[in-house]
Each structure stands twice: as C-alpha cells, then as structure tokens.
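Read off the chains here:
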Amino acid sequence: MKYNWNWGIFFELSPDGAHTYLGSLMFGMVWTLATALSAWIIALAIGSVIGVLRTAPNVWLARFANGYVELFRNIPLLVQMFLWYFVLPEVVPNAIGTWLKQLPNASFYTAVVCLGLYTAARVAEQLRAGILSLRSGQRMAGLAVGLTLPQTYRYVLLPMAYRIILPPLTSEFLNIIKNSAVALTIGLVELTAAARSMQEFTFQVFEAFTGATILYIIINIVVVNGMRILERRLSVPGYISLGKPAAAH
Amino acid sequence: MFSNFDWDVIARSLPYIFLDGMWFTLRLTAIATAGGIVIGTLLALMRLSSFAPLSIFAGGYVNLMRSMPLVLVIFWIYFLVPYIGQWVTGASRPIQVGALVTCLVTFTIFEAAYFCEIMRAGIQSIPRGQTEAAKAIGMTYWQSMGDIILPQAFRNMIPVLLTQTIVLFQDTSLVYVISVTDFLGAASKIAQRDSRLVEMYLFAAVIYFIISLGASVLVRKLQRRVAIVR
Numbered sequence: 005m006k007y008n009w010n011w012g013i014f015f016e017l018s019p020d021g022a023h024t025y026l027g028s029l030m031f032g033m034v035w036t037l038a039t040a041l042s043a044w045i046i047a048l049a050i051g052s053v054i055g056v057l058r059t060a061p062n063v064w065l066a067r068f069a070n071g072y073v074e075l076f077r078n079i080p081l082l083v084q085m086f087l088w089y090f091v092l093p094e095v096v097p098n099a100i101g102t103w104l105k106q107l108p109n110a111s112f113y114t115a116v117v118c119l120g121l122y123t124a125a126r127v128a129e130q131l132r133a134g135i136l137s138l139r140s141g142q143r144m145a146g147l148a149v150g151l152t153l154p155q156t157y158r159y160v161l162l163p164m165a166y167r168i169i170l171p172p173l174t175s176e177f178l179n180i181i182k183n184s185a186v187a188l189t190i191g192l193v194e195l196t197a198a199a200r201s202m203q204e205f206t207f208q209v210f211e212a213f214t215g216a217t218i219l220y221i222i223i224n225i226v227v228v229n230g231m232r233i234l235e236r237r238l239s240v241p242g243y244i245s246l247g248k249p250a251a252a253h
Numbered sequence: 200m201f202s203n204f205d206w207d208v209i210a211r212s213l214p215y216i217f218l219d220g221m222w223f224t225l226r227l228t229a230i231a232t233a234g235g236i237v238i239g240t241l242l243a244l245m246r247l248s249s250f251a252p253l254s255i256f257a258g259g260y261v262n263l264m265r266s267m268p269l270v271l272v273i274f275w276i277y278f279l280v281p282y283i284g285q286w287v288t289g290a291s292r293p294i295q296v297g298a299l300v301t302c303l304v305t306f307t308i309f310e311a312a313y314f315c316e317i318m319r320a321g322i323q324s325i326p327r328g329q330t331e332a333a334k335a336i337g338m339t340y341w342q343s344m345g346d347i348i349l350p351q352a353f354r355n356m357i358p359v360l361l362t363q364t365i366v367l368f369q370d371t372s373l374v375y376v377i378s379v380t381d382f383l384g385a386a387s388k389i390a391q392r393d394s395r396l397v398e399m400y401l402f403a404a405v406i407y408f409i410i411s412l413g414a415s416v417l418v419r420k421l422q423r424r425v426a427i428v429r
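Residue numbers (this note's numbering), protein chains in the order written: chain A, 5 to 253; chain B, 200 to 429.
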C-alpha cells in the first residue's frame with residue numbers, strides 16, 4: 005500500500021489562514037453539536053405533542069399524529085433535506101421564498117428544522133410506546149381522583165413515561181448527532197464536511213477521516229456515559245427499561 | 200406556484216430514473232441486505248462467543264460502525280477500497296473500482312453492524328435450555344446453531360430484519376454524496392440539468408414514501424401472522 009502518511013498535517017495552517025486543520029475539524033464538530041442540540045429541542049417538543057396525541061382518545065387527533073409519524077419516517081432524510089432547502093422556497097409565496105433564500109446560515113436553519121421534525125417522529129414513537137407500557141389502571145386512577153385528562157397526562161402518565169423511555173431517547177440523541185452529517189449535502193460545514201474539505205485541500209484522505217472518526221467516537225462516549233448516569237438516577241424502580249429502540253442511524 | 204410546474208419533465212425522464220436509478224437502488228438494497236445479514240449473523244455469533252478475542256473484536260467493530268455517520272463511512276470506503284484493491288492485487292497504483300462495488304462494500308459492512316445487534320437479540324431470545332439440550336444429545340456447536348438456534352432466531356426477528364431493510368432502502372439515497380446514479384441521484388441529475396428541482400425532488404419523495412410505507416404495512420401484517428403462529 006503506497007500512501008504518504010503525514011499526521012503532522014493537523015497542525016498545518018488551513019486555507020482560511022487563521023486556524024490549523026485540527027482547528028477546522030473542531031469548528032466542524034461545534035457545528036455538528038450546535039445543529040444536533042438545536043434540532044433535539046424541536047424533536048423533543050414536537051415529538052412529545054405527537055406522541056401524546058397518538059395515545060389520545062380523540063380518533064382524529066390520533067390519526068393526524070399517526071400520519072405525521074408515517075410521513076416523516078417513510079421519506080429518506082436526505083430527500084427531506086432537499087425538500088426543505090430546494091423545494092420549500094419555491095412553493096411558498098415569492099416574498100417568503102426570497103427571504104428564505106437570502107437568510108444567512110440558511111443551511112444551518114434548514115438542517116435544524118429538518119432534523120428536528122424528522123427526529124420528532126421517532127421521539128413520538130418512543131413516547132407512545134412508553135405511555136402504552138404503563139398499566140391502564142394509572143390513567144383510570146388519575147381520572148377517578150378527579151384529574152382532567154390533560155392533568156392525568158401531566159402529573160401521572162408523562163413523568164413515568166419519560167423516565168421509562170430515557171434509554172431509547174439516548175439512542176435517538178446519538179442518531180440526531182450522526183444524522184446531522186446529512187446536512188453536508190446542503191452546504192453545512194459540520195464535522196464530516198470539515199474532514200471532506202480537509203481531504204480535498206491536503207489529499208491526506210485517511211488522516212482527515214481518522215480525525216473525524218475519532219471525534220465522533222469521543223462524542224459518542226461522552227453522550228453514552230453522561231446519559232448512563234442520568235438513567236441510573238432517573239430509572240423507575242421495578243421497571244426494566246423498554247427493549248432496544250427501532251434500528252436506525 | 201403549482202401552475203408553472205412542468206410535470207412533463209417527470210414523464211420524459213421516467214425510463215432513466217426507474218430503469219437506471221431505481222434498478223441500482225433496489226439491487227444495492229437487496230445485495231447489501233443479504234450480505235449484511237450473513238456477516239451480521241457471524242458477528243453476532245462472535246459477539247456471543249466465550250472466546251474473548253472474538254467477542255472483543257466483534258463488539259469493537261459494531262460499536263465503531265454505530266458511532267460513525269453513514270456519510271462518513273461512505274467516504275471512508277470510497278477512498279479506501281482502491282488502496283485495498285492495490286494491496287490485494289499488487290498493482291502499481293490504486294485501482295479504480297466501480298460505483299456499485301463501492302456502495303455494496305459500504306452498505307454491507309455498515310449494515311452488518313446493525314444486523315448483528317438484531318441477530319444477537321434474536322439468538323438471546325431463545326431459551327438457554329435449548330442450547331444445553333442440543334449439547335446434551337451430542338450436537339456440535341455448529342449443529343446446534345444451524346439446526347436449532349438460528350432458524351428460530353431468524354424467524355423471531357424477521358419483522359425487525361425487514362424493518363431494518365426498509366431503513367437500508369432509504370439510506371441508500373446517501374450514495375448521492377459520491378455522485379452515484381441511484382434513484383435519487385438520477386432524479387437529482389435530471390433536476391439540475393433541466394432546472395426542475397421542485398418537480399423532481401417532490402416526485403422522488405412521493406415514490407420513496409409509497410415504497411417505504413407499502414413495505415412497512417406488509418411487515419406489520421407479517422408481524423401479526425408470525426406472532427399468532429408462535
């Protein structure tokens with residue numbers, strides 16, 4: 005295998021003239037984390053609403069929520085990214101479309117919204133499973149002591165459900181970090197894109213990708229261990245955690 | 200808005216995006232699923248092995264693959280395979296490999312990690328007593344795995360394996376990043392050539408949606424049947 009290894013490349017100046025290549029990978033990582041965290045907030049908020057609606061007694065609300073989940077789960081993330089980035093500005097009224105196209109950091113906002121709504125469908129699925137795993141007596145008892153249905157959810161069902169689904173939510177959070185790499189197709193310079201551009205400038209393919217891989221592994225280890233501590237503190241005694249979440253990446 | 204849509208561009212490019220694009224996507228999905236399940240099952244056996252080096256290797260491999268984004272793995276393989284080819288064949292320079300081979304290698308080894316986890320769960324769902332009983336009547340490891348454990352594990356896991364195949368089908372769209380003409384790649388090429396991004400991307404989304412939804416409805420039906428029989 006003939007390949008000129010040059011690990012020192014990480015400390016050479018990158019084309020932006022101010023930072024080393026290692027620095028540019030770090031910037032990429034910061035964008036990855038910023039995108040994933042912002043999208044995660046959207047995913048948790050909307051995923052919770054959709055998840056609750058799926059277990060609600062109103063048939064039409066449940067149907068709407070099921071439709072949401074099916075829609076976002078059955079279109080590839082990359083295609084959704086393109087729809088938000090290329091198609092949306094064209095099909096909204098002209099003024100809004102122009103505003104969208106001229107937005108600074110458009111690819112970041114697009115990636116956040118797209119990833120957030122995509123992951124919301126998955127969070128909703130987990131939350132529904134969590135709520136359904138509770139004994140039906142809990143809901144009945146809540147209603148019997150005079151709580152309204154929203155109060156039953158707020159004080160009885162959701163506090164339990166969230167604690168039960170913490171392990172699968174950890175996986176979803178890892179997924180959202182990994183999925184943010186798809187945003188490189190709409191021009192977001194996150195970690196994978198930073199490694200790719202480093203490779204293009206230096207031709208040091210394997211150093212660049214090794215660097216990115218190591219950073220991803222570090223992120224993974226930090227998240228997994230952080231969540232493990234949280235899971236231990238929040239686990240519900242007597243409940244084994246739900247099975248593995250649906251396979252995904 | 201929709202009034203100046205050029206639906207004709209879809210009709211004109213149908214042969215290209217289906218016969219070239221979708222054909223590539225389906226072949227990639229089918230072969231990578233088959234390869235991924237075979238390698239994934241072997242990895243699962245290694246992970247469950249009591250021989251430490253095997254289980255450590257398999258565990259490390261699975262965790263490595265699962266901590267990387269698929270896009271990064273695609274780039275890795277895209278650049279790595281020519282060098283490996285050079286090393287294996289002893290050629291003087293990195294050898295050029297076709298798009299299909301690159302994609303097949305990528306998706307097979309990447310999905311193998313996920314199929315491994317599914318098969319591991321499947322094998323672990325079979326009561327230990329069965330392995331012990333097989334041993335007691337004198338079966339070798341491979342006999343008990345091949346005749347007793349794996350057939351049941353496969354059967355229990357069929358719905359999950361198929362669901363993962365639908366995920367894989369959607370993931371194949373990511374070969375876009377190395378400019379391969381899969382279904383999305385073909386749609387995207389037409390979109391850029393004719394400046395018809397809206398039409399082509401909406402069309403691609405609808406087709407992916409119909410196929411994935413249809414497949415997942417079938418899987419759910421199958422799941423119900425498997426559940427009753429068991």
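If you're looking for bench data, these hints aren't it; they were derived computationally from the structure. A virtual CB, placed ideally from N, CA and C, is assigned to each residue, including glycine. Keep in mind that the hints are not guaranteed to be accurate.
Here are a few chain A residues that face chain B, going by a calculated C-beta distance under 8 Å [stated by the list, open to error]:
no.: 1; residue: Y7
no.: 2; residue: A66
no.: 3; residue: R67
no.: 4; residue: N70
no.: 5; residue: E74
no.: 6; residue: L82
no.: 7; residue: V95
no.: 8; residue: A99
no.: 9; residue: W103
no.: 10; residue: K182
no.: 11; residue: A185
no.: 12; residue: V186
no.: 13; residue: V209
no.: 14; residue: L219
no.: 15; residue: I221
Each hint tested on the structure:
no., hint, verdict
1, Y7, "holds, 6 Å"
2, A66, "violated, 17 Å"
3, R67, "violated, 15 Å"
4, N70, "violated, 12 Å"
5, E74, "holds, 6 Å"
6, L82, "holds, 5 Å"
7, V95, "holds, 6 Å"
8, A99, "violated, 13 Å"
9, W103, "violated, 16 Å"
10, K182, "holds, 4 Å"
11, A185, "holds, 4 Å"
12, V186, "holds, 6 Å"
13, V209, "holds, 4 Å"
14, L219, "violated, 10 Å"
15, I221, "holds, 5 Å"
Going down the numbered hints, you'll see the structure goes against 2, 3, 4, 8, 9 and 14, while the others check out.
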